[in-house]
Amino acid sequence: MRITVIRTGGFGGLTRRATLQTAGRPDAEELAHLADQAVREGLGEAPMGVPDGFHYEVRVESEGSAATAHFADPKLTEAQSALVRKVLKEGA
Amino acid sequence: MNAHRAHSPQTHPVFCTIVPPHLLDQVSRNSDEVLSRPARRTLERDATQRTRRQITTVRHGLLSAAPVAPDIDPADRKPQRTISDAENKETLPGKTVREEGSEPVQDASVNRAYAGLGATFELFLSVYDRYSIDGAGLALDATVHYGEEYANAFWDGERMVFGDGDGELFRDFTLPVDVIGHELTHGVTQYSANLEYQGQSGALNESVSDVFGALIKQHSLGQSAQDADWLIGSGLFTDRVEGQALRSMKAPGTAYHDDVLGKDPQPAKMEDYVNTGADNGGVHINSGIPNHAFYTLAMELGGNAWERAGQIWYDTLTGGSLQPDTDFATFATATTEAAKSRYGDGSDEHEAVRKCWSEVGVTAR
Numbered sequence: 001m002r003i004t005v006i007r008t009g010g011f012g013g014l015t016r017r018a019t020l021q022t023a024g025r026p027d028a029e030e031l032a033h034l035a036d037q038a039v040r041e042g043l044g045e046a047p048m049g050v051p052d053g054f055h056y057e058v059r060v061e062s063e064g065s066a067a068t069a070h071f072a073d074p075k076l077t078e079a080q081s082a083l084v085r086k087v088l089k090e091g092a
Numbered sequence: 001m002n003a004h005r006a007h008s009p010q011t012h013p014v015f016c017t018i019v020p021p022h023l024l025d026q027v028s029r030n031s032d033e034v035l036s037r038p039a040r041r042t043l044e045r046d047a048t049q050r051t052r053r054q055i056t057t058v059r060h061g062l063l064s065a066a067p068v069a070p071d072i073d074p075a076d077r078k079p080q081r082t083i084s085d086a087e088n089k090e091t092l093p094g095k096t097v098r099e100e101g102s103e104p105v106q107d108a109s110v111n112r113a114y115a116g117l118g119a120t121f122e123l124f125l126s127v128y129d130r131y132s133i134d135g136a137g138l139a140l141d142a143t144v145h146y147g148e149e150y151a152n153a154f155w156d157g158e159r160m161v162f163g164d165g166d167g168e169l170f171r172d173f174t175l176p177v178d179v180i181g182h183e184l185t186h187g188v189t190q191y192s193a194n195l196e197y198q199g200q201s202g203a204l205n206e207s208v209s210d211v212f213g214a215l216i217k218q219h220s221l222g223q224s225a226q227d228a229d230w231l232i233g234s235g236l237f238t239d240r241v242e243g244q245a246l247r248s249m250k251a252p253g254t255a256y257h258d259d260v261l262g263k264d265p266q267p268a269k270m271e272d273y274v275n276t277g278a279d280n281g282g283v284h285i286n287s288g289i290p291n292h293a294f295y296t297l298a299m300e301l302g303g304n305a306w307e308r309a310g311q312i313w314y315d316t317l318t319g320g321s322l323q324p325d326t327d328f329a330t331f332a333t334a335t336t337e338a339a340k341s342r343y344g345d346g347s348d349e350h351e352a353v354r355k356c357w358s359e360v361g362v363t364a365r
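Protein chains in written order, with UniProt numbering: chain A, 1 to 92; chain B, 1 to 365.
Think of the hints as simulated: they come from the structure by calculation, not from any bench. The model shown is predicted, which means the values in this text are computed figures rather than measured ones. All C-beta atoms in this analysis are idealised placements derived from N, C-alpha and C, irrespective of residue type, glycine included. You may find that some hints are simply not true.
With a Cα cut of at most 35 Å, we get these calculated DSBU-like pairs of lysine-lysine [as the list claims (entries may be wrong)]: (1) A:K75 to B:K355; (2) A:K86 to B:K78; (3) B:K78 to A:K89; (4) B:K250 to B:K78.
To give an idea of the interface, some chain B residues facing chain A are shown, with a C-beta separation under 7 Å as derived from the structure [unchecked claim]: (5) E90; (6) P93; (7) D156.
Let's have the full structure, built from the sequences with the hints guiding it.
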């Protein structure tokens, strides 16, 4: 599974993008669950967000299937928040 | 009860302005907490603040506030601050750690937020005679230590929220007083022109926050326009970052140039306006254009920027002539009209405002 997070907006208006491959990682299964949950909780239209809040686009690709979700601070679920932190920190 | 309902729409955050007027009434009952909470909370506050409430007027199909001096002794106009600690979680508001009038605590972030709210309250009251962000003494709330290594600050429609920074590139977001002023000014905009946070009106919303954020810093330091650095977010970067701040009103596009962050993308002139879908249409990018117009005006007039230049921008923001979807050209016209009406047709101020917009390539309508 390939997870991409694109974070835009925020006080600085800076874009950050990171991709993480789960293959070969000891926490691959855990990450896959987290990604599935985060995307499930973020389907539908991209929210408007709040002034200076971050916007997130998350793409999850695996075995020919792909899903994209959008969410915005400060309304992230625990799974979304954990996934975003992990991918931006450990992804490339 | 009817009176409360009539007042509630004035506190709808800017992102609500895309909601058609006939739906506004439903917002306070919305299942989405971000939308409904501010409205509901205002309904609750109304019960205790009824006597202070402003008169609302119907304008452009939206209810909005016309600032009216509340019936309260000027000497009693004091800030009502509450600082909360999210304890590195993403739950708002967090635990209350400092309230109005209480002694400083051990935590410097808490004290900085408290002082920054005070400095912002003080500028709006003493210079523009505005009693808190809504003009009616609204309590000022902030949350610090939001999230883990969270490199941002935002306005959620009713409070300012500050992260600690990631430590790699960004330090604590309570450090620069102009960042605190910027966030609170989003509240002032929400209660006045309510500029929609998208495209040109969104860039104006951002710019107004930068302008008053910078003025709050200059006012608290006693700096004239010539002495000020005109930077936004100076002190936020760690030593690893090649840059002075996040934005420069003096020279948009030059605030940073770093391996990781890239180059400051702000334009100073309309011909370099950036069309993008990201960041609500580049609201933090294109704000460079009206930011530079304000800087040019302040330098042309000289002296303290919060006096004449700031007064013209404040009159424009709160004067009632701006629609939520105002674009740069319309805003330029409104500032020109505001200068004319306060300082006279053909006055130095009037001429300087016209010149500052032509300097950035914006033609008033």
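Against the structure, the hints come out as follows:
1. A:K75 to B:K355: violated, 43 Å
2. A:K86 to B:K78: violated, 43 Å
3. B:K78 to A:K89: violated, 43 Å
4. B:K250 to B:K78: With Cα atoms ~33 Å apart, K250 (chain B) and K78 (chain B) stay inside 35 Å; holds.
5. E90: holds, 6 Å
6. P93: violated, 11 Å
7. D156: holds, 5 Å
Of the numbered hints given earlier, the model fails hints 1, 2, 3 and 6; all others are met.
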